[in-house]
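**Student:** Residue numbers (my numbering), protein chains in the order written: chain A, 158 to 443; chain B, 1251 to 1746; chain C, 58 to 368.
Just so you know, the hints here were simulated from the structure itself, not pulled from any lab data. Here a beta-carbon is modelled for each residue, glycine too, at the ideal position from N, C-alpha and C. Any given hint could turn out to be false.
[Said to hold, decoys possible] Distance windows between CB atoms, simulated:
#1 G227/C x D1273/B: 42 to 50 Å
#2 R1364/B x A357/C: 46 to 54 Å
#3 N71/C x E1313/B: 53 to 61 Å
#4 Q1623/B x F293/A: 31 to 39 Å
#5 K1689/B x A124/C: 51 to 59 Å
[Unchecked claim] 25 Å max Cα-Cα, derived DSS-like pairs, lysine-lysine:
#6 K122/C x K157/C
#7 K122/C x K1630/B
#8 K94/C x K1581/B
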Amino acid sequence: MLKITKTPKCYVGGSFIRSESGRVAPIKDASGAFFANIPLCTRKDLRNAVEAAAKAGPGWATRNAYNRGQVLYRLAEMLEARAAEMSDAISLSGISKKDANREVRASIERVVHYAGWTDKFQALLGSVNPVASSHFNFTVTEPMGIIGVVAPDEKPLLGLLSLVLPAITGGNTAVALASGTQPYPSILLGEMLATSDLPRGVVNLLTGRRDELIPTFATHAHLRGLAAVGNLDERKALQIGASDSVKRLKLIPSETPTDWFAENAQGLYEIRDHLEAKTTWHPIGA
Amino acid sequence: MPVKKSTCPAARELLFGDLWEYDPAPESAPAFIEPRYGLFINGKFVAPKTKKYFDSISPRNEEKLSEIALAGAADVDAAYQAASAAFTSWSKLPGTERAKYLFRIARLLQDRAREFAVAETLDGGKPITESRDFDVPMAAAHFFYHAGWADKLGYVTPGRKLTPLGVVGQIIPWNFPLLMLAWKLAPALATGNTVVLKPAETTSITALKFASILQDAGLPPGVVNIVTGAGETGAAVVNHPLAAKIAFTGSTEVGKSIQRALAGTGKRLTLELGGKTANIIFEDAPLDQAVEGIINGIFFNQGHVCCAGSRLLVQESVAGQILSKLKIRLKSLRTGDPLDKNTDVGAINSQAQLDRIRELVACGVAEGAELYQPDCELPKKGFYFPPTLFSKVAMSHRIARDEIFGPVLSILTFRTPEEAGEKANNTCYGLSAGVWTDKGSRILKMSAALKAGIVWANSFNKFDPASPFGGYRESGLGREGGKQGLLDYANLIQVP
Amino acid sequence: MSTRNFHALRGLLNDVGAVDQVGIDERVAKFATRSIKKNAKVFGLKLAVTMVDLTTLEGKDTPGKIASLCQKALRPHDATDIPPTAAVCVYPSMVKHAAKHLRGTPVKIASVAAAFPSSQTPLRTRIAEVRAAVADGADEIDMVINRGAFLAGELQLVQDEISAVLEACGDRTLKVILETSELETYDNIRAASFLAMRVLRPGDFIKTSTGKTSANATPGNNQVMLEAIRDHFLATGIEIAMKPAGGIRTAKQALHFLVAVKETLGDAWLTNTRYRFGASALLNDLVRQLVKEKTGAYQAPYTFSESSSAY
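Bound conformation, chain A alone (with noise of 0.2 Å):
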């Protein structure tokens, strides 16, 4: 009896869309053979993203830090459930059963570990200022907006969530675009994150050609920061891009591999990567 196969599609504002452009390109399973069709979105369909995070964006800024904790930990239950499945999508483009493995555990516990930052980061890296005039000054983190995430190619699951979740976990909405070798993970991740309670347009994934979206990337100017892996000329795109706009950058070279598995890979200054710092004056009188 034949298969009923999986269109995939990219999950974008909570719904599972294909390209404007009706582009797509063919992957193959790790034995050579068709396996589906991918999106290649264009620069409308990141726009349509953008638009998108930016409607999720005040919804999800100001919802109480227990609550984003508990959403979070919720996706790693989904990561979970389906954790297998995962597994198989990784190993897809050949990379082995138990380094596959070994990727979606990782991911997993990423996901928990950024869980529970939700509620303690702004502890950390907030602050009361002891001024020498008679104003109470304080000092607390807010997120950016809305972050651009080019994800690197290796590790498609692991590589994308350690630059998506500091971001979110910090109240902003995220726009990715995933591995361009191996971008079906994330079409996985989109369905599991919309069976999460994240709610639609907080995160946002988009599969198509870095070439091809790095420069909307750069320039967009609703992107308030960008998180990319990339190499020398990307980055340098990445970067003259974004001055008109004056994005927060966060760049990571290509060429030299990044141990996502690291325990430096995660943690609070990831987080605080994509947060400015307000600070508030008031006197104090009667």
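With chain A held as given, fit chains B and C onto it using these hints.
**Tutor:** Below, chains B and C alone, put in the same frame as chain A:
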């Protein structure tokens, strides 16, 4: 005694005349400005390899104050080489030792505070009361504050160790020459970096005087190098391969070009750029203090302040009241010779800036906003512009959108808190905001809603070394001051 | 406190607007940075002399003490170009003694009255005291408001009592003391200023303090009251006068208070019909500084003071 009669109740005008006119009270302390300044490289004043000097004039009366060396690419290179050589030992110095240098610098600056204040006023045109009571003491405070951090960096970032970046190139503006130098140098040195600093070409004098404090403090040669010049010198500072980081304060336009220039270099960057700050007055605000906050917000330092409260948003129900209070208040605001101790608004920094202010004010009039300026006699020589209010301003007017960087206030109105927030945030900038209301919960809500790095509630233009400063959006990247500011001068290394 | 009274105070505060304490303190600190030199200083010092209500309010006051005080008010110094003070300010029982020296002179007789400084006697007693002082020749009456009633929110009572005293004053000037230290907050001081001003006539005063509590006139409460006077004038056209009292001991302080007047209310208030200093020691320092300006030599304080403790 007969029952007194009101003289003329219909008039109801307050007369701010010359019944008791203050006599001129010029500050007489000497500024000790040299006739010519070289570049400060490797602990010594040296002649520029360009052999060129440019005049520094006083905006107060257009008289020449000194000749300043013009640093070329070779001079900037010499400065970077010196800074790079000094980095090896400076970065290895124990924090306690770096701290002592910074404490010493703070003290030496306090010793010579009056001299520096006079020099700052002569060179930049700001009122002597501001340079005396704000710029110089605040500069000393920044060194004192950061001195204390130098041996306590291990407490700043739990789980990470702060290590210095290397040589930092710093470019500072002309509005707070000495204070911006302090904002830049103090955290850079406290975290163990060495520096090549370029002051603005119109206001180099206090930076060069400050170099003599570094000599007196015995700071190792090369730890701080000061190169003077204009845009080309700045470009050489930005583009030098030895720079690990560029810290820039100035216009958004130049800031963007620096971000572009650094693309692909891996150099770190912090920017402190322009603003179009909204100062929001709710009807329940303490109105007289709000008026003072508005005045301070826009006329402090002639409005040459990146966070100047240049867009006043007043709730409609008190708009008329605020405008009339502002007009009354302007009558006792004294514009004139910045060296006079009773001057509130001093000289515009340069002819170029004066021209820009005049152009934008003309534009405001042409676009139909209503102009008000008090009668005030301005000095014949020098660059002066009267305090200016524009009422009936619309969000689309250029004077409501462009940074004027002068003593010009645009007044707009709003009806509800949400509208106030929307109007305040409707800009590409995000440096600061003011909120005036007697209702505490509204302050916290507005503060959260405003896209700005600093929110002054029932206050304005407050600064402190312990309080991080810096903007959202196109107002910049990074923070200066506070523990947050230290992170922009350091690498965060995983603690094993 | 009854709900009604609470709303009355709240309503008044809402009506007259809030004051931010830190903002006021910053504002007055700016006045203190004004540099008053040369002619401006001499003018300011002389102006301040003409504004002094030379005061003695002691249980041990005698007709003899009053006599010497009156002489000093009329002629603060041998130098003839130093003008007389605005008034002497005494207890009601001393009014008739002061009158002997001051009748027909430009120096007015001010009397504290109405159960000064507590105001804690029946209203009819207070009224009787005011009438007696007026009958004895007082030109000006300094009363203090019923702070207890104010703090309890009984604003109508406070205002009615002021009106009653005002009526007893007849055509004499009334000065209403708020006793700012007992009202405590700038908000209360502003509210009480309006409460008084709304029943006062042009030329009547509001005044900070009795001088009998721990804290007296400060640049801050002076400023709050000047701004209240300005707002009342701009709204109604009624010019209320102002008198800070107690704690102003040096010429420098007085000049800074006058800077506040100049820059808040303007030239029309730089006259002793609109502004006074309630003080005893201030006059000595004003004269001392005037002599210094004239001779160029710093003066020793004991030449200008009767204080036996002068060192």
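**Student:** Of the hints given before, which are not true for this structure?
**Tutor:** Of the numbered hints given earlier, those the structure breaks are 2, 7, listed in rising order.
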